[in-house]
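As a plain string of letters, each chain reads:
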Amino acid sequence: MPDTMLALVLHLEDVLIVGAALFAIGLYIALSKRNAIGVLMGVELMLNAVNVTLLAFARFVESDQPLDGHVFAVFVITVAAAEAAVALALAVAIYKHRETVNIDELDLLRW
Amino acid sequence: MIEDNGIVIAFWILAATTIACALMTAAVRELVQAVLFLALTFVGAAGMYIVLSADFVAVVQILIYAGAVSVLMTFAVMLTPAADRKNSETAFQMPALMLAGLILAVLVFVSLDTDWPIDADRTAFSATAASLGEAFLKPYVVPFEVASVLLMTAMIGAIVLTREEDGDA
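From first to last, the protein sequence lines stand for chains Y and A. Numbering of the first sequence is given in numbering that gives the first Met the number 0, commencing with residue 0 and proceeding in unit increments. Numbering of the second sequence is given in numbering that gives the first Met the number 0, commencing with residue 0 and proceeding in unit increments.
It should be emphasised that the hints constitute simulated quantities derived from the structure, not laboratory data. Glycine included, every Cβ here is placed at the ideal spot set by N, Cα and C. You can trust all of the hints, since none of them are fake.
Examples of chain Y residues lying across from chain A (beta carbon under 10 Å, computed):
(1) VAL14
(2) VAL60
(3) ALA81
(4) GLU82
This is chain Y alone, in the form it adopts within the complex (with noise of 0.2 Å):
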């Protein structure tokens, strides 16, 4: 191959990075927003990033079972759909009683 051609290469450290990114924009998102179901999005986007390092290592790294990775994801996916129902439930829930899901406003159990 001539020196000329592009030759692009993509690191683990790409990817992990990538997946740090999408997880502090989460955690940014689910620590500052007002509305409840603002911070469940934010928490939706950590998960979200967590299964992008961990396809990321199912794929770089030396293994002798290198699906566990992808076992190990489709069970943070399963567990992240139980939290999403639970969750917009208990804002539904919540909203009925109060009429609004602003966190800020739900200080009921504050000393």
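Place chain A on chain Y using the hints.
Chain A alone, transformed into the frame defined by chain Y:
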């Protein structure tokens, strides 16, 4: 390492799209728009899974995240009509920004500083669905069943939480 030019370019386009959509999720002022950008983020992440040759997980991602979770979130927004639809921030915005920046810096440092045990000869996986099914029903059968119970508990919990109280059923 992935050395195919097309795949590497595809990864960076997908990564840029995903991160841009994630930033838009944080930045837009309408909650419904934020949900739509989040759905795009999920699709972009599914594209990255395909680049990492995780075909089954990518399809699951499209089905569950881009399909079900996005619709669920849209429903939750629509079912809370009198609530504030602004995608606004609490007083914790600046601490959250600083903490997220700090976490990002630490994660990037750890990613670059660690000497990962890279398998240089690893090629892309061929179709993973069959081997994943085998993994779920042989070594991972107990976690698999626990996940089933968890999903059913979550489903019952969601129904109990949202049903009308005055019904005598």
